[in-house]
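Asker: The lines below spell out each chain.
There are 2 protein chains.
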Amino acid sequence: MSNPFEENLGQTAANAGVQTPVQFLRHTASVYPEKPAVVHGDYRCDYAQLYARCNRLASALQQRGIGPGSTVSIIAPNVPAHLEAHFGVPMCGAVLNSINIRLDADTIAYILDHGECDLLLVDGQFADVAANALARSERSPAVIDLVDPLGPQDKRIGESTYEALLDEGDPSPVDWRIDDNWQSLALNYTSGTTGRPKGVVYHHLGAYQNAIGDTLAWDMQRHPVYLWTLPMFHCNGWCFPWAITLQAGVHVCLREVAADPILDAIEQHGVTHLCGAPIVLAMLVNAPAEQRAKIPPGLQVMTAGAAPPAAIIEALEAMQVNVTQSYGLTEVYGPCVYCAWNDAWDDLPAGERAALKARQGVPYPVLAGLDVLDPESMEPVPADGQSIGEVMFRGTVVMKGYLKDPEATAEAFRGGWFHSGDLAVKHPNNYIEIKDRSKDIIISGGENISSIEVEGALFKHEAVMLAAVVARPDDKWGETPCAFVELKEGHSASAEELIAFCRDNMAHFKVPKYVVFGELPKTSTGKIQKFVLRQRALEI
Amino acid sequence: MSNPFEENLGQTAANAGVQTPVQFLRHTASVYPEKPAVVHGDYRCDYAQLYARCNRLASALQQRGIGPGSTVSIIAPNVPAHLEAHFGVPMCGAVLNSINIRLDADTIAYILDHGECDLLLVDGQFADVAANALARSERSPAVIDLVDPLGPQDKRIGESTYEALLDEGDPSPVDWRIDDNWQSLALNYTSGTTGRPKGVVYHHLGAYQNAIGDTLAWDMQRHPVYLWTLPMFHCNGWCFPWAITLQAGVHVCLREVAADPILDAIEQHGVTHLCGAPIVLAMLVNAPAEQRAKIPPGLQVMTAGAAPPAAIIEALEAMQVNVTQSYGLTEVYGPCVYCAWNDAWDDLPAGERAALKARQGVPYPVLAGLDVLDPESMEPVPADGQSIGEVMFRGTVVMKGYLKDPEATAEAFRGGWFHSGDLAVKHPNNYIEIKDRSKDIIISGGENISSIEVEGALFKHEAVMLAAVVARPDDKWGETPCAFVELKEGHSASAEELIAFCRDNMAHFKVPKYVVFGELPKTSTGKIQKFVLRQRALEI
Numbered sequence: 186m187s188n189p190f191e192e193n194l195g196q197t198a199a200n201a202g203v204q205t206p207v208q209f210l211r212h213t214a215s216v217y218p219e220k221p222a223v224v225h226g227d228y229r230c231d232y233a234q235l236y237a238r239c240n241r242l243a244s245a246l247q248q249r250g251i252g253p254g255s256t257v258s259i260i261a262p263n264v265p266a267h268l269e270a271h272f273g274v275p276m277c278g279a280v281l282n283s284i285n286i287r288l289d290a291d292t293i294a295y296i297l298d299h300g301e302c303d304l305l306l307v308d309g310q311f312a313d314v315a316a317n318a319l320a321r322s323e324r325s326p327a328v329i330d331l332v333d334p335l336g337p338q339d340k341r342i343g344e345s346t347y348e349a350l351l352d353e354g355d356p357s358p359v360d361w362r363i364d365d366n367w368q369s370l371a372l373n374y375t376s377g378t379t380g381r382p383k384g385v386v387y388h389h390l391g392a393y394q395n396a397i398g399d400t401l402a403w404d405m406q407r408h409p410v411y412l413w414t415l416p417m418f419h420c421n422g423w424c425f426p427w428a429i430t431l432q433a434g435v436h437v438c439l440r441e442v443a444a445d446p447i448l449d450a451i452e453q454h455g456v457t458h459l460c461g462a463p464i465v466l467a468m469l470v471n472a473p474a475e476q477r478a479k480i481p482p483g484l485q486v487m488t489a490g491a492a493p494p495a496a497i498i499e500a501l502e503a504m505q506v507n508v509t510q511s512y513g514l515t516e517v518y519g520p521c522v523y524c525a526w527n528d529a530w531d532d533l534p535a536g537e538r539a540a541l542k543a544r545q546g547v548p549y550p551v552l553a554g555l556d557v558l559d560p561e562s563m564e565p566v567p568a569d570g571q572s573i574g575e576v577m578f579r580g581t582v583v584m585k586g587y588l589k590d591p592e593a594t595a596e597a598f599r600g601g602w603f604h605s606g607d608l609a610v611k612h613p614n615n616y617i618e619i620k621d622r623s624k625d626i627i628i629s630g631g632e633n634i635s636s637i638e639v640e641g642a643l644f645k646h647e648a649v650m651l652a653a654v655v656a657r658p659d660d661k662w663g664e665t666p667c668a669f670v671e672l673k674e675g676h677s678a679s680a681e682e683l684i685a686f687c688r689d690n691m692a693h694f695k696v697p698k699y700v701v702f703g704e705l706p707k708t709s710t711g712k713i714q715k716f717v718l719r720q721r722a723l724e725i
Numbered sequence: 186m187s188n189p190f191e192e193n194l195g196q197t198a199a200n201a202g203v204q205t206p207v208q209f210l211r212h213t214a215s216v217y218p219e220k221p222a223v224v225h226g227d228y229r230c231d232y233a234q235l236y237a238r239c240n241r242l243a244s245a246l247q248q249r250g251i252g253p254g255s256t257v258s259i260i261a262p263n264v265p266a267h268l269e270a271h272f273g274v275p276m277c278g279a280v281l282n283s284i285n286i287r288l289d290a291d292t293i294a295y296i297l298d299h300g301e302c303d304l305l306l307v308d309g310q311f312a313d314v315a316a317n318a319l320a321r322s323e324r325s326p327a328v329i330d331l332v333d334p335l336g337p338q339d340k341r342i343g344e345s346t347y348e349a350l351l352d353e354g355d356p357s358p359v360d361w362r363i364d365d366n367w368q369s370l371a372l373n374y375t376s377g378t379t380g381r382p383k384g385v386v387y388h389h390l391g392a393y394q395n396a397i398g399d400t401l402a403w404d405m406q407r408h409p410v411y412l413w414t415l416p417m418f419h420c421n422g423w424c425f426p427w428a429i430t431l432q433a434g435v436h437v438c439l440r441e442v443a444a445d446p447i448l449d450a451i452e453q454h455g456v457t458h459l460c461g462a463p464i465v466l467a468m469l470v471n472a473p474a475e476q477r478a479k480i481p482p483g484l485q486v487m488t489a490g491a492a493p494p495a496a497i498i499e500a501l502e503a504m505q506v507n508v509t510q511s512y513g514l515t516e517v518y519g520p521c522v523y524c525a526w527n528d529a530w531d532d533l534p535a536g537e538r539a540a541l542k543a544r545q546g547v548p549y550p551v552l553a554g555l556d557v558l559d560p561e562s563m564e565p566v567p568a569d570g571q572s573i574g575e576v577m578f579r580g581t582v583v584m585k586g587y588l589k590d591p592e593a594t595a596e597a598f599r600g601g602w603f604h605s606g607d608l609a610v611k612h613p614n615n616y617i618e619i620k621d622r623s624k625d626i627i628i629s630g631g632e633n634i635s636s637i638e639v640e641g642a643l644f645k646h647e648a649v650m651l652a653a654v655v656a657r658p659d660d661k662w663g664e665t666p667c668a669f670v671e672l673k674e675g676h677s678a679s680a681e682e683l684i685a686f687c688r689d690n691m692a693h694f695k696v697p698k699y700v701v702f703g704e705l706p707k708t709s710t711g712k713i714q715k716f717v718l719r720q721r722a723l724e725i
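Same order as they appear, the protein sequences are chains S and F.
Count along the first sequence starting at 1, add 185, and that's the number in our numbering.
Count along the second sequence starting at 1, add 185, and that's the number in our numbering.
Everything labelled a hint here was simulated from the structure, so no lab data went into it.
Possibly wrong hints are sitting among the right ones.
One copy or two, either will do: identical chains are not told apart, so a pair holds if it fits within one copy or between any two.
The list that follows gives simulated cross-link-like pairs (lysine to aspartate or glutamate, DMTMM-like), each with its CA atoms no further than 25 Å apart [stated by the list, open to error]: (1) 220 to 404; (2) 712 to 441; (3) 220 to 528; (4) 707 to 445; (5) 220 to 569; (6) 220 to 537; (7) 220 to 531; (8) 589 to 192; (9) 589 to 191; (10) 220 to 355.
So here's chain S without its partners, still in its complex pose:
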């Protein structure tokens, strides 16, 4: 049957177009040229200036032959140049590869080689490790020093400074070299705990979509003041370089993620929004009272990664900080699942509210598919809050795939869904709740024990600062939980006391058999390295 709605109605130059987050900067610079865009120490720039700088960067890169198929890597904290790279690099059609600043030289060399780096931007603080990585690398990228007024001035390893590079460029709007939605925009390496990291490739459409998703999920109005506590190298700062620009907000940069600079910036710049791993939330909660007083009521905090312990959420709520739990992975542009709050829950007791807030929740409105599936049958688990399955994603905010690794891509996408590796239940209200990473689940006497649940119980003890629970092989039970605990300064607790505390708060088979005290090992992104703890547990 002929269908008149699909005849002579195809795409033309007038009605097609690329959906790219670069557009958000052009838009905001056009509409709000004089609104503040970037704050960094004494530095200020408005949106007209930010746009001009990003055009300079793009045109300077173009003149150096950087364009589609090229890779621009950056090793830097959350400084203005890092933000500019999120626009200037894609505007010239190249791929932005923001490298985790906590990595060792060997891994950085691997990333430069595997990602085929053509140009490297390096902040002085990381000049040594970058020089070391370059010495080991097979690539010879152009190296540009970011000389930040708040960073080291004399650590230079490049042929030029970033400001000199910008001087090579033209501030007038460049003709973007973006051909289609699916063109690659960014390359982000996963922080694999074992083996080499994988290179996750993003496209323009996904970043555009998820930046809008950030805005909608967080119910964020125009002109937020956003503090950069979240590393921009982490899934491109969860797409917030683009989302905050879309909303014509202020990017408050921050070199160091520590309680004092965070709290001072909040007070000084009137911060309204920030994101951070649970460790950042803990910094706010555990700061001295006179520093905590700088936090204004109504501050919006988005957190992701592991669910923050309910105790921390409760403490923040008591300070009238509004915590939005979110969830995602590098492969899905950072968070694209969030715990949408329902005002019908406002009157529940604080503990119940915190437990609801700790759920990962529902998909961003821009995410086409999210479900908890049995990875064998690929059938959804019942929405009973009990049945555990694997969290899976589908849609345009799922990565293009892993760079130069079609096997890993196919494996991640088998059955038509992206497999997260995270185990979760689905509650009757469709909210998902992560129970564990596949490899972190503890199976004791045939029962699944969520390490996260046991950690949550430990966190409720007033002396516990951090807790991680792993499986320890057990002749009788197969596995039993083994807890590693960091205590708060000035507090003390014995293993017996914590075990008794857990017994009062959870099913007995879930209670740790061992509790070990000491500092916990962490990955470069601040995640606790459970594979190290599993090894230690073997040695008890």
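Got chain S sorted already, so can you dock chain F onto it with the hints?
Answerer: Same frame as chain S, now just chain F:
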């Protein structure tokens, strides 16, 4: 050169997906099932119920063989079924053709034929005209009566009622029949003042994008209470059926657009947002004081079409109503240009603020391209606030084209832009301001006179309710302005008085030479029919 970023990184079931506004209902029904969705008289329904009803509609249509390539037409005021059709029809893959309720039977018959209607939904109020149209039509669609409790009960011309149709369907989620972003979603006929209307075809992506654009441009947070003063048949209610659903808001339905029902609904339901043509704004401003008192401070009103006279904007601002001027056409999904407010303008005098507010403004962030071009050279006019060119659009929120009219489509899209036919200037801050429709500009002594500017001057006179200015041929000047005026009830003014008033307020060559009093002729969408007035001007 090989580009590793474009190899083995193609679309798969896991990372591709359709961007459709239907997703917003699924999302909101999943996250906020118990939130109120629809209010209509005593009728209430929540999002779970709305979703179930839309699934019933989609599955009933599927069972009747309606799907991709089918057309479902509707003739109805803003009743719940009209909203449901915006989801149920596209969910089954069909095209929604919402017909202007003010059209005559002959034009409706033309639309049913040209649009190849397969099923027609008719509200009782329009049963007679629909029966008349069907008698003239070559199509024999299934006809379904919408029996609205607030409408006529006994006017039935169909084989079934809408509720009986829903009973044929299944409330569980249907499998959408939406294959790609570019699939046709809606068919909206332009209200051509001469000749047959043209059928504008929308796709899922454009509606998805512009609904997000509505939300971002209006800076609208979750859970708005939206009053349906804007006809849903008008560019699909400017995409607000989808935008309000995305934001989990309340759709307050309204059969009759008149001052009392509007003001009563505002008070009764706590309305936060509404849209309407300038005539709706005039209703609010000109209502008796005790009715006007029902308007809460902070009410958000979006208006489009002709710029509302500055005097009306000023009066609304004095009532603490926040007016957002927007602009668009049927061909661009309704408004996709808006007057983004800049708080730096807050302290300007009221008159200057109103003049700024009356500008059409800047593109929605989702619109790729908007400019004012010389239609001959296709070069942008200078942003000097003086040079007049034609407003042109490009991007994914431009229509697919005109149904079965490739010549008109090609003509509208010539040079890679959609030609709006509207003449505008671009101010130095990039805001565009419409000066006239191409055919409405008055050329007197070689000078262009904007009929809108002259109308704006007349509106400032306290006795003037409506004014329209057209060209009248003149031996000496070529053309001169001729004004047609409706006076407010209880007011009077002479032609001489209005001409003198204009002379005090504008360049003398722009002042109307003639002023004619009486009711103005209007099109089915409430636009003043200037072609009728031009004819009358000839007869003076």
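Asker: Take the hints in turn and mark each one as holding or not.
Answerer: Going through the hints against the structure:
no.: 1; hint: 220 to 404; verdict: both (21 Å within a copy, 17 Å between copies)
no.: 2; hint: 712 to 441; verdict: within (17 Å within a copy, 59 Å between copies)
no.: 3; hint: 220 to 528; verdict: between (33 Å within a copy, 10 Å between copies)
no.: 4; hint: 707 to 445; verdict: within (22 Å within a copy, 65 Å between copies)
no.: 5; hint: 220 to 569; verdict: between (48 Å within a copy, 22 Å between copies)
no.: 6; hint: 220 to 537; verdict: between (41 Å within a copy, 21 Å between copies)
no.: 7; hint: 220 to 531; verdict: between (35 Å within a copy, 14 Å between copies)
no.: 8; hint: 589 to 192; verdict: between (39 Å within a copy, 8 Å between copies)
no.: 9; hint: 589 to 191; verdict: between (37 Å within a copy, 10 Å between copies)
no.: 10; hint: 220 to 355; verdict: within (22 Å within a copy, 52 Å between copies)
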